[in-house]
Amino acid sequence: MDDDLKAALATLAEIAPADTDGALATFQDRLKALETNWDEHQRILEMAAHAVGEPVEEPPSPRQPPSLERRAASKGIPTFWDALPGSGRKAVEEASTSILIRQGAFLMREHNRSSQVYVLLAGAVKVWAEQDGEIVILDVLGPGDLVGELEAVDGGTRQANVEALTPVQAIVLPADRFRTVLNADPEWVWAVAAVLAERLRDANELRIAHFPNDAERRLGTRLLRLFARFGTPAPEGDGTVVDLPVSQQDLGRWAGVGRRKVAQILADDRVRGSLSISRKSVGLRSLAVLDRLARRT
Amino acid sequence: MNGDDPEADEFAAFFRQHMNTLRGYLINAGGDASFVDDILQDTFLATKLYWGKVRDYDKPEAYLYKVASRQLGRYSKNRYLRTEPHAEPPIPATFRADAITMADAIREALERLSLRQRQVILLCYTYGFTIKETAKILSIAEGTVKRCRSDALSRLRAIMADVNDSDEGRSRG
Numbered sequence: 001m002d003d004d005l006k007a008a009l010a011t012l013a014e015i016a017p018a019d020t021d022g023a024l025a026t027f028q029d030r031l032k033a034l035e036t037n038w039d040e041h042q043r044i045l046e047m048a049a050h051a052v053g054e055p056v057e058e059p060p061s062p063r064q065p066p067s068l069e070r071r072a073a074s075k076g077i078p079t080f081w082d083a084l085p086g087s088g089r090k091a092v093e094e095a096s097t098s099i100l101i102r103q104g105a106f107l108m109r110e111h112n113r114s115s116q117v118y119v120l121l122a123g124a125v126k127v128w129a130e131q132d133g134e135i136v137i138l139d140v141l142g143p144g145d146l147v148g149e150l151e152a153v154d155g156g157t158r159q160a161n162v163e164a165l166t167p168v169q170a171i172v173l174p175a176d177r178f179r180t181v182l183n184a185d186p187e188w189v190w191a192v193a194a195v196l197a198e199r200l201r202d203a204n205e206l207r208i209a210h211f212p213n214d215a216e217r218r219l220g221t222r223l224l225r226l227f228a229r230f231g232t233p234a235p236e237g238d239g240t241v242v243d244l245p246v247s248q249q250d251l252g253r254w255a256g257v258g259r260r261k262v263a264q265i266l267a268d269d270r271v272r273g274s275l276s277i278s279r280k281s282v283g284l285r286s287l288a289v290l291d292r293l294a295r296r297t
Numbered sequence: 001m002n003g004d005d006p007e008a009d010e011f012a013a014f015f016r017q018h019m020n021t022l023r024g025y026l027i028n029a030g031g032d033a034s035f036v037d038d039i040l041q042d043t044f045l046a047t048k049l050y051w052g053k054v055r056d057y058d059k060p061e062a063y064l065y066k067v068a069s070r071q072l073g074r075y076s077k078n079r080y081l082r083t084e085p086h087a088e089p090p091i092p093a094t095f096r097a098d099a100i101t102m103a104d105a106i107r108e109a110l111e112r113l114s115l116r117q118r119q120v121i122l123l124c125y126t127y128g129f130t131i132k133e134t135a136k137i138l139s140i141a142e143g144t145v146k147r148c149r150s151d152a153l154s155r156l157r158a159i160m161a162d163v164n165d166s167d168e169g170r171s172r173g
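Chains as they are written, first to last, in the UniProt record's numbering: chain A, 1 to 297; chain B, 1 to 173.
Watch out, some of these pointers could steer you wrong.
To be verified - When the alpha-carbon atoms are kept at most 27 Å apart in a straight line, the in silico DSS-like pairs for lysine-lysine are as follows:
(1) A:K32 <-> B:K53
(2) B:K53 <-> A:K90
(3) B:K59 <-> A:K6
(4) A:K280 <-> A:K261
(5) A:K90 <-> B:K136
(6) A:K6 <-> B:K53
As the list claims (entries may be wrong) - Residues from chain B that face chain A, not an exhaustive set, calculated with beta carbons under 7 Å:
(7) R16
(8) H18
(9) A33
(10) F35
(11) L49
(12) V67
(13) A103
(14) L156
Note that these hints are calculated values from the structure, not bench results. Quick caveat, the model's predicted, so the values are computed rather than measured. For every residue, glycine included, the Cβ atom is placed at its ideal position computed from N, Cα and C.
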């Protein structure tokens, strides 16, 4: 009986032949595509390394919370870390040291020349400058974002303070080493260009909303940015929440709007029910409100 | 192939030689047509990336089976693959004594084994790998291969006997 079975099993090897040439052509196309698609390349490489029995690259280490990273990517603000191909990330990580920064500490100060570049892995930082005692917030950055990119590119002095809003995990390296590492592959330099382009776009957006003076639009786009980077589904009920200590005053300083004007806009009937700002978080019921404020609808 | 790259030519030959057999293995092991070709492509891509190493193996094709088997396991975890035997399989028309060939019957019966049993059986008896090679391909111990193989064989025998019985019963009644 067993011999019967074995003989029958052996016949299974014969199967209707598939289109070998077509498959080979597809294979060659995909092989070519692999040269430019790094994520795909990484996936295949992992598969291959595993089968050879070589140590497979660690799955994303706890230093880069992938959920946070993906969240930023999914909302449409491309971060440096997203734009950088896998091999580039690895090279930057190898050249840098990892640090923890406590809440309220400064990653960098205005006007000094110390040139370090940070890539945030978890947490949030506030980028701000001071002018005659008035504080202007330039941006709030989160996981995957590059900090110190301007100095890394032009070697000038610091334009702003960077303060940790929450405990922050980051990797840090000197600007010149950062440049050396990225020089290895033009593709990687484009990741920096992508960051600069994104920030320039945002700066333009603010300038556009300054003339004619449109405070609602400035505030709306700031809030959209905040939710795009840090928004998480609210623990209870519907809506989105940003767990960062951002006050109305901070929003005003960011949008170039007085605190009272912020309060006035937020108290408006169209906004009041859907946006709530408390000491430690900002809650949002529906994005439509922000879109309307930002004149996107 | 344009022939100016000997390594690429060598790999293309390797591809032609093994593609159909590997595809047969994936289908026999329960892979669905919708993803068998994806696995196939991924497998050859992975092999190409390590070709410098793999080409020197005694049996380079074993590497293909290793990569592909693991992929198959992944797809099955995502429930694309039937790993659970059908609870009470209806006896299909092909089981009529006059219509069946042994191969068809075996294919049907294989579906009722677990994925690992199916893989072990196929690798050992259909594709001619030794126990040692099968163990390496599936990343399991040789003892496990032996146990799986004998379990699967007796299970297959039971299933086939079952089918024959009910078939006879029907023709009598």
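Verification of the supplied hints:
With a C-alpha separation of about 20 Å, the suggested pairing of K32 (chain A) with K53 (chain B) holds against the 27 Å cut-off. Pair hint K53 (chain B) plus K90 (chain A) holds up; C-alpha atoms about 24 Å apart against a cutoff of 27 Å. Between K59 (chain B) and K6 (chain A) the alpha-carbon distance is near 23 Å, which keeps this suggested pair within the 27 Å criterion. For the hint linking K280 (chain A) to K261 (chain A), the alpha-carbon distance of about 21 Å falls within 27 Å, and the restraint holds.
Under the criterion of a C-alpha separation no larger than 27 Å, the hint pairing K90 (chain A) with K136 (chain B) is inconsistent with the structure, at around 31 Å. Only pairs whose Cα atoms come within 27 Å are accepted, and K6 (chain A) paired with K53 (chain B) is rejected, the gap being roughly 34 Å. A hinted interface residue such as R16 (chain B) counts as satisfied when its beta carbon comes closer than 7 Å to some beta carbon of chain A; here the least separation is about 5 Å, so the hint holds. Look at H18 (chain B): its Cβ only gets to about 10 Å from chain A, farther than 7 Å, so that hint breaks.
For A33 (chain B), the suggested interface contact is broken, since its CB lies about 10 Å from the closest CB of chain A, more than 7 Å. Because the smallest distance between the Cβ of F35 (chain B) and any Cβ of chain A comes to about 14 Å, over 7 Å, the interface hint for this residue is violated. Checking L49 (chain B) against chain A by beta carbon gives a least distance of about 5 Å; that is within 7 Å, so the hint holds. Annotation: V67 (chain B) was flagged as interfacial toward chain A, and the flag holds, the nearest CB pair being 5 Å apart, inside 7 Å.
Of the supplied interface hints, the one on A103 (chain B) holds, with its beta-carbon coming within about 5 Å of a beta-carbon of chain A, less than 7 Å. At its closest, the beta carbon of L156 (chain B) sits 6 Å from a beta carbon of chain A; the interface hint therefore holds under the 7 Å criterion.
Hint compliance for this structure: hints 5, 6, 8, 9 and 10 are broken, all remaining hints hold.
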